[in-house]
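A.B. asks: Spelled out, the chains give:
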Amino acid sequence: MSENTEASVRAEVRAWLEANWNPELGLVEWRNKLVDSGWGVPHWPKAWYGRELSAGLIPVVDEEFQRIGAIGVAKAGIRTLAAATILAHGTDLQKEKFLRRSLTGEDTWCQLFSEPGSGSDVAGAVTRAELRGNQWVVNGQKVWTTSAHHAHWGLLLARTDWDKAKHKGLSYFIIDMHQPGVTVQPLRQMNGHASFNQVFLTDALVQPEFLVADVGDGWAVTTTTLMHERRGADSLRSWAMGSDRPGRAYDEERAEIATTMEPYKWYPQRAGRVDLILPRARETGAIDDPVMRQEIAKLLVMSKSAEWTARRARTAQEQGRPQGPEGSLGKLVSSYIARAAARLHTQMSGANAMLTGEDSPMGGVIAEIFVSVPATSIAGGTDEIQRNIIAERVLKMPREPSVDTIKPFRDVPRNVVA
Amino acid sequence: MKFSFSGEQEEFRSNLRRFLTDRAPTKEVRRLMETDVGWEGAGWRALNAELGLTAVRIPEAYGGHGFGFGEHCIVLEEMGRSLLCAPYFATTVLAAGAILNAGTEGQKQALLPGIASGDTIATLASTEASGSWEAAATTLTATPSGASYRLNGHKSFVLDGHTADLIVVLARAPGTTGEAGLSFFTVAGHAAGLSRRALKVMDPTRKLARLEFQDVEASLLGEADAAAAPFNRTMTEAAVCLANEMVGGAERLREDALAYAMMRMQFGRPIASFQSMKHKQADMLLEVELAKSAAYYAAAALDDGDADVAATASLAKACASDTYMQTAIHAIQIHGGIGFTWDNDTHLWFKRAKSSEVLFGDASHHRELMMRNWAA
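These protein sequence lines map, in sequence, to chains A and B.
One point on numbering: in my numbering, the residue at position 204 of the first sequence is 204, and numbering is uninterrupted.
One point on numbering: in my numbering, the residue at position 352 of the second sequence is 352, and numbering is uninterrupted.
Hint data in this document are derived by calculation from the structure and do not stem from the laboratory.
Note that the coordinates shown come from a computational prediction; the quantities given were computed from them, not determined experimentally.
One should not assume that every hint holds.
Below, simulated EDC-like cross-link-like pairs (lysine to aspartate or glutamate); rule was C-alpha separation at most 16 Å, straight line [as the list claims (entries may be wrong)]:
#, chain 1, residue 1, chain 2, residue 2
1, A, K75, A, E283
2, A, K331, A, D176
3, A, K164, A, E209
4, B, K280, A, D275
5, A, K396, B, E34
6, B, K351, B, E50
7, A, K298, A, E318
8, A, K97, A, E209
9, A, K265, A, E252
10, B, K280, A, E318
11, A, K331, A, E384
12, A, K164, A, D404
13, B, K2, A, D251
14, A, K298, B, D362
15, A, K298, B, E368
16, B, K2, A, E130
17, A, K298, B, D256
18, A, K396, B, D322
19, A, K75, A, E24
20, B, K280, A, E12
21, A, K164, A, E96
22, A, K95, A, E209
Listing some non-contacts, in silico: residues in chain A with all C-beta distances to chain B over 10 Å [stated by the list, open to error]:
#, residue
23, H178
24, P186
25, M190
26, M227
27, A297
28, W308
29, T309
30, E326
31, L329
32, E392
33, P398
34, E400
35, P401
36, I406
Footprint (simulated), chain B over chain A, 3 or more residues, beta carbon under 8 Å [what the hints assert, rightly or not]:
#, region
37, 119-130
38, 310-320
39, 375-388
Backbone N, C-alpha and C fix where the C-beta goes; we use that ideal spot for every residue, glycine too.
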């Protein structure tokens, strides 16, 4: 909206917050007010709880929320991806049913994309959805599903046509997770935590009105979800801080954060804990070892220059300038940093690196770094896939000749899943 | 701290790149690198007459343009990219830097306008045959003699030392050790008792000289016995400036290797379509972008007067050293057989990468300096 300026937006949101924010409201009650006001998702369309505010003015709104300490709409977990995807591709009925309850946090979501046979190659999904009578019937297995055990709804990618080429035979559904055909089992990781689930779908049912977009358009919709997933990683980190202020709404938000963040409690260790490198080097005496000093310095050079590269990318974005290649490198460099940090942490621990838990350095933190870091270079796109993306999208290098997209998916070699 | 270039800076960079593409193509680099002098007056004068490049960071009070390290480092990055053969680094970073950091007001008034206009070619002679980059390693002596001093000893690895008109020399009072008793002096290039020999260099685009001093008359620059601090400051600046020059070269290598991979056909397809090439190129991009971020950050830290700038400078130099050399190794490899030939240009940057890696201390040296600052 051209008439909106930074000053006018600031004045308007400030006035509304001062008149309406009340930490003693229930969280859902407050968020419903917020959704009605358009300040919960100001960049969204006016028809659906927004104000069509330009991206450049969103930070102004965020600042005003922070100034007064007001809680925003529910941002964590898959619900944000669900809302963004439904907003982009959903029917009015779907928007009516799902958007508000996602923003208020009443509905919890999970994402049913990855399968045991398709990790990096998500479009190779073999979970099948068949129309029987007036219902879609789903059979298959999904994996790496965060929060599946308490989700109400799932974003489901399934194959509806085996005679079409790989990407053309997929469809996208919203599936009710609370039904007999859906079984959720925790998946234990090599670090002992179980942050994800396996989901078994056995004649699970989907109502026809919960197909998103058309039959065969599932890949385009999935791409929207994945794009928002990559964008959202940063905001999640800042949101998870919560607030220590008193008030009913704050209490309820803290409980929400605790539930949502529970699966992520080992994530700081997954990144390698570079912040602990110098303290540990002093504690262990590694700081006086010339070889170790070099290795520590190499890691610090990499982590500092990665931090400054991220700042360059963010500054370009804030100034509305096209991002250079620096914007696509963060995921890959974080793997290198995590791996180097894990190696140093265990090296500095000496014989104690053979121990874990309360017998080991920092009550098990160092051991947890070692067994958690391998996730960094795999989850959310392996290093190998990241390098392909950088090479093909940033450097415009040609794709490899494709063998899996030029024939009916039925004839494409694939994994045998037990 | 700024994390982006302004519109004016971007425009300055693109003008500069156009100028250097035009004036310093590799054909010209190859011609000049084969000469003993290593550069030519006509090209040097054009650099200054048309773009005022020697004046960039010299304050307006001394005939310069008064820009900061941000702009100076843009110039150096573009020169590193094109491998321009000119005594620019020696004159504007080393000599002008030492004079600005150590000189008296009168000496700045006397010496800097000539550098700003491009009339004076100057350098800094601090390193000796020991190859140490530390001030404390200085053995060349300065003995008072009337109103001036007499220098005795030698200097080595002096950038453009065989052609400079003005040489800033780091020397010590006889009988002193460590960082005590160190002073800067200025010596004329043609001074009596000074013999200069161009060293045979592996990287012919960066000329180095050995200087022998026998009772050479010299003028004190700045305060006597107090050169250690301004020298260290000058080395911090030099590390940042060189890091920026290096990332320019590294990016050029990366781009040229990519362009080659895109057009080179083997097994019926461009080699750029093979994953082994893509992954190498992705890692090269990652490393070069990180090194650029560090170099840019360090230049901004100099302009901002950041207290931690010595550590940041060492970080940037260490990062650029490893990255430039690694990028050059990959670039030769990507070119395959043609990359090992003299006619292919890749080896020009490969050699520059090594001379830059070593100059003012390699990555290990700077990592240690950084650790001393951060971890004691």
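A.B. asks: Could you run down the list of hints and mark each one as holding or not?
C.D. replies: Verification of the hints:
no.: 1; hint: A:K75 / A:E283; result: violated (39 Å)
no.: 2; hint: A:K331 / A:D176; result: violated (33 Å)
no.: 3; hint: A:K164 / A:E209; result: violated (23 Å)
no.: 4; hint: B:K280 / A:D275; result: violated (29 Å)
no.: 5; hint: A:K396 / B:E34; result: violated (37 Å)
no.: 6; hint: B:K351 / B:E50; result: violated (29 Å)
no.: 7; hint: A:K298 / A:E318; result: violated (30 Å)
no.: 8; hint: A:K97 / A:E209; result: holds (11 Å)
no.: 9; hint: A:K265 / A:E252; result: violated (19 Å)
no.: 10; hint: B:K280 / A:E318; result: violated (31 Å)
no.: 11; hint: A:K331 / A:E384; result: holds (11 Å)
no.: 12; hint: A:K164 / A:D404; result: holds (11 Å)
no.: 13; hint: B:K2 / A:D251; result: violated (39 Å)
no.: 14; hint: A:K298 / B:D362; result: holds (13 Å)
no.: 15; hint: A:K298 / B:E368; result: holds (10 Å)
no.: 16; hint: B:K2 / A:E130; result: violated (56 Å)
no.: 17; hint: A:K298 / B:D256; result: violated (27 Å)
no.: 18; hint: A:K396 / B:D322; result: violated (26 Å)
no.: 19; hint: A:K75 / A:E24; result: violated (20 Å)
no.: 20; hint: B:K280 / A:E12; result: violated (51 Å)
no.: 21; hint: A:K164 / A:E96; result: violated (32 Å)
no.: 22; hint: A:K95 / A:E209; result: holds (12 Å)
no.: 23; hint: H178; result: holds (43 Å)
no.: 24; hint: P186; result: holds (34 Å)
no.: 25; hint: M190; result: holds (25 Å)
no.: 26; hint: M227; result: holds (20 Å)
no.: 27; hint: A297; result: violated (4 Å)
no.: 28; hint: W308; result: violated (4 Å)
no.: 29; hint: T309; result: violated (4 Å)
no.: 30; hint: E326; result: violated (5 Å)
no.: 31; hint: L329; result: violated (5 Å)
no.: 32; hint: E392; result: violated (7 Å)
no.: 33; hint: P398; result: violated (4 Å)
no.: 34; hint: E400; result: violated (6 Å)
no.: 35; hint: P401; result: violated (7 Å)
no.: 36; hint: I406; result: holds (16 Å)
no.: 37; hint: 119-130; result: violated (count 0)
no.: 38; hint: 310-320; result: holds (count 6)
no.: 39; hint: 375-388; result: holds (count 4)
Figure legend: structure checked against the earlier numbered hints; hints not met, in rising order: 1, 2, 3, 4, 5, 6, 7, 9, 10, 13, 16, 17, 18, 19, 20, 21, 27, 28, 29, 30, 31, 32, 33, 34, 35, 37.
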